[in-house]
Amino acid sequence: MWFNKRRLFSKSPALGLEVAPEEVLMDSLNPEDFNADQLEGRIESALGRFPFMIVAVLVAAAFLALISRTWFLQVTKGEEFAKRATENRLFTITLPAPRGIIYDIRKEPIVKNIPGFEVILKRGELPETAEGRRALMASLAKLLGNSEGDIKEAGFDPELLDDKLSSEIIVAADIPRELALELQSRPKEFPGVFVRTREFRDYAGAAFAHVIGYVGKIDKSQINQDERYRGDDIIGKNGVELTYEKELRGTPGEQLIEVNSSGARLGELPERRPVIGESLVLNIDAGLQRVLYDSLRRALETQGKTAGSAVAIDPRNGAVRALVSLPSFDPNVFQRHLSPLAYERTFLSSQKPLFNRAIGGVYPSGSVIKPMIAVAALEEQVIDPTKKIYDPGFISVPNPYRPGEETRFIDWRPQGWIDMRAALARSANVYFYIVGGGYQDVKGLGITKLGEYMRKFGFGAPLGIDISGEVGGLVPGPDTIAKTRPNDPVWRIGDTYQTSIGQGAFQATPLQIAAMIAAVANGGTLWRPRIASAILDEYGNVVKTIEPEAVRTNIAEPRSIQVAREGMRLVATEGTARAYFADFVIEVAAKTGTAQTGFQKNTHGWFTAFAPYQNPELVLVVVAEDVPFNTPIATPVAREVLYWYFTEGKKRILVAAPSQTSLP
1 MWFNKRRLFS
11 KSPALGLEVA
21 PEEVLMDSLN
31 PEDFNADQLE
41 GRIESALGRF
51 PFMIVAVLVA
61 AAFLALISRT
71 WFLQVTKGEE
81 FAKRATENRL
91 FTITLPAPRG
101 IIYDIRKEPI
111 VKNIPGFEVI
121 LKRGELPETA
131 EGRRALMASL
141 AKLLGNSEGD
151 IKEAGFDPEL
161 LDDKLSSEII
171 VAADIPRELA
181 LELQSRPKEF
191 PGVFVRTREF
201 RDYAGAAFAH
211 VIGYVGKIDK
221 SQINQDERYR
231 GDDIIGKNGV
241 ELTYEKELRG
251 TPGEQLIEVN
261 SSGARLGELP
271 ERRPVIGESL
281 VLNIDAGLQR
291 VLYDSLRRAL
301 ETQGKTAGSA
311 VAIDPRNGAV
321 RALVSLPSFD
331 PNVFQRHLSP
341 LAYERTFLSS
351 QKPLFNRAIG
361 GVYPSGSVIK
371 PMIAVAALEE
381 QVIDPTKKIY
391 DPGFISVPNP
401 YRPGEETRFI
411 DWRPQGWIDM
421 RAALARSANV
431 YFYIVGGGYQ
441 DVKGLGITKL
451 GEYMRKFGFG
461 APLGIDISGE
471 VGGLVPGPDT
481 IAKTRPNDPV
491 WRIGDTYQTS
501 IGQGAFQATP
511 LQIAAMIAAV
521 ANGGTLWRPR
531 IASAILDEYG
541 NVVKTIEPEA
551 VRTNIAEPRS
561 IQVAREGMRL
571 VATEGTARAY
581 FADFVIEVAA
591 KTGTAQTGFQ
601 KNTHGWFTAF
611 APYQNPELVL
621 VVVAEDVPFN
631 TPIATPVARE
641 VLYWYFTEGK
651 KRILVAAPSQ
661 TSLP
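Residue numbers (UniProt numbering): 1 to 664.
Please keep in mind that the hints were generated in silico from the structure rather than gathered at the bench. Some hints here could point you the wrong way.
[Stated by the list, open to error] Calculated cross-link-like contacts (lysine-lysine; reagent style BS3-like; alpha-carbon spacing at most 30 Å): (1) Lys107 / Lys217; (2) Lys107 / Lys483; (3) Lys217 / Lys112; (4) Lys112 / Lys352; (5) Lys601 / Lys305; (6) Lys152 / Lys237; (7) Lys352 / Lys217; (8) Lys164 / Lys246; (9) Lys164 / Lys220; (10) Lys142 / Lys188; (11) Lys217 / Lys152; (12) Lys352 / Lys483; (13) Lys107 / Lys122; (14) Lys449 / Lys387; (15) Lys220 / Lys112; (16) Lys220 / Lys122; (17) Lys164 / Lys217; (18) Lys164 / Lys237.
[What the hints assert, rightly or not] Label pairs and their calculated CB-CB ranges: (19) Arg408 / Pro109: 25 to 33 Å; (20) Gly393 / Gln225: 53 to 61 Å; (21) Val333 / Pro478: 41 to 49 Å.
Here a beta-carbon is modelled for each residue, glycine too, at the ideal position from N, C-alpha and C.
Model the full assembly from the supplied sequences, consistent with the hints where possible.
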């Protein structure tokens, strides 16, 4: 410092002058008479404006360049860079919404949700090359215990570009917790593979399968039908899961996932929580459903048979209390990968366990149609109910194929002199041949009137139950004969006779028989069968009540219906079902039926009943398919079920009155 000071303030060699520091500091304080021409003032002469202007221009130019670059980066390229920065560290995963709970009429949950894990592939986070994706598929298949074909079938083809893949692909569902933790701990080995939680359906087993249905991955065709759906959505596929999909499905949420540059997950940032779907209360009584299912399954197994169905409805409002179809299936298997054996048993079995026989199976009804035929005959004044007809065991009419010969239409046994009530009690075929088709002095209904009343009572068209798969059966006549008998398309009197006892081309579903018997039991109202009763919000409040709906009222005069009711009561006390119901715990009205199948000597065994007789609250129909003639299956099953219902079942059921639509 000393050396520098001497140089700064030393004598100028050119002028021989020495400048003191204080002179510089006091320069701005020179007096007014300061003489600038003197030598002492020359050292402080001004530099001028030019140097400063150059510096200012350079600084301004640099600042302008900086502003221009900043504007270019933030405005022109800002959106692109922001998007790239966000996508590099954050992306969204869908959080599936839990489906609503499904309850029986007493609020017993029969479909619940249980938490679990599923494995998804996230488009945009997968390896960029096909080779890398193939390696990922191989590693993932090995870890999951699946084949590469299973993963490809789930929707991941390593050869496809991202825009051809779904945004999220479910490749494994309901995996063990240990496997989920292992996958989460190895993100570098499985890029684009994530584990997320989902509420899986917990079904109450095969007994409820054809009522509840099941859920499964959405089909491509369904995605295009509703913009709310995504390629990985799980939706209702059958039963009430399908019918009430809109109410049950809920609203999915989203979760932001943060990853580093190598794809390792850094954290989760919940953005929007999923909203659980609305819940569903059914008219089904879970106890009755289980008892009916178990009883029918055991009875069929004792005869080496597997196929049958049953329906129980409330004749006061059409509420379906139970609906069973056998063989059945476990709906829980559809939520995970099906083993080859499970796939074969479910989809390839000749017994068709997915087929709902109660609403989609059509059969000749046999004699269970006779109460309706009796009502029709009385309405059309074909016969007085007290008029007796002699039944020798057959009637004979001219043979249309062999002139001069007669064709006999036989009864299952000679009945002697019988009136309408006795004809119902004993299931006399000859009596109903005559009132249906006419014979001697009895004109008969004729096929036109038979068809008219069959349609009034719900045959020939679907009733509109709130699950899919229902069919309408067939009301035969001259207009259908070309389809049912193309080689001989002429309607003859024999066809009318066969229709009058539920044989020939006549076909009905068990549900239709139940609805018809309910109309007889309640005095003439045909109800639309309904499985669902109410829809609840997430807090359990009723947001919608599904009201009973009458398809048709006042089908016939009360006096006509009462005769049919009385005849059905005699079936239970002194007719074809007396061995099972003569001393029953409650008064039952019933009708047995045996329908020829056309295969050897096997038949379809029918039984239907309503009870209590005076104030009916339950109609039951049971069908055993393709069983040996006169093999008791349907009737003993019905007895066991009705006994349970009116004893043990009554201790736990509150059956709604006709006008009651709120929850019990």
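Each hint, compared with the structure:
1. With a C-alpha separation of about 28 Å, the suggested pairing of lysine 107 with lysine 217 holds against the 30 Å cut-off.
2. Distance hint between lysine 107 and lysine 483 is unfulfilled; the C-alpha atoms sit about 47 Å from each other, more than 30 Å.
3. Restraint check for lysine 217 and lysine 112: satisfied, since their Cα atoms lie roughly 19 Å apart, inside the 30 Å limit.
4. Proposed proximity of lysine 112 and lysine 352 is supported: the alpha carbons are some 26 Å apart, at most 30 Å.
5. Of the supplied pair hints, the one linking lysine 601 and lysine 305 holds, its CA atoms being roughly 15 Å apart against a limit of 30 Å.
6. Taking the CA atoms of lysine 152 and lysine 237, the gap is near 22 Å; set against the 30 Å cutoff, the hint holds.
7. Only pairs whose Cα atoms come within 30 Å are accepted, and lysine 352 paired with lysine 217 is accepted, the gap being roughly 21 Å.
8. A threshold of 30 Å between alpha carbons decides the hint, and for lysine 164 with lysine 246 the separation of about 28 Å falls inside it, so the pair holds.
9. Among the hinted pairs, lysine 164 with lysine 220 is consistent with the structure: their alpha-carbon atoms are about 13 Å apart, no more than 30 Å.
10. With a C-alpha separation of about 16 Å, the suggested pairing of lysine 142 with lysine 188 holds against the 30 Å cut-off.
11. Straight-line distance between C-alpha atoms of lysine 217 and lysine 152 comes to about 14 Å, which keeps the hinted pair within the 30 Å bound.
12. The hinted pair formed by lysine 352 and lysine 483 meets the criterion: a straight-line CA distance of about 26 Å does not exceed 30 Å.
13. A hinted pair counts as satisfied when its Cα atoms are at most 30 Å apart, and lysine 107 with lysine 122 does not qualify at roughly 39 Å.
14. Distance hint between lysine 449 and lysine 387 is fulfilled; the C-alpha atoms sit about 21 Å from each other, no more than 30 Å.
15. A C-alpha spacing of about 27 Å is found between lysine 220 and lysine 112, which places the hinted pair at or below 30 Å, so the restraint holds.
16. This hinted pair checks out: lysine 220 and lysine 122 have alpha carbons roughly 18 Å apart, not beyond 30 Å.
17. For the hint linking lysine 164 to lysine 217, the alpha-carbon distance of about 18 Å falls within 30 Å, and the restraint holds.
18. Restraint check for lysine 164 and lysine 237: the C-alpha separation of about 25 Å stays at or below 30 Å, so the hint holds.
19. For the hinted restraint 25 to 33 Å between arginine 408 and proline 109, the CB-CB distance of approximately 58 Å leaves it violated.
20. In this structure, glycine 393 and glutamine 225 meet the distance hint of 53 to 61 Å, their C-beta atoms being roughly 59 Å apart.
21. Under the hint 41 to 49 Å, the C-beta atoms of valine 333 and proline 478, about 48 Å apart, fit the expected range.
Hint violations for this structure: numbers 2, 13, 19, all remaining hints satisfied.
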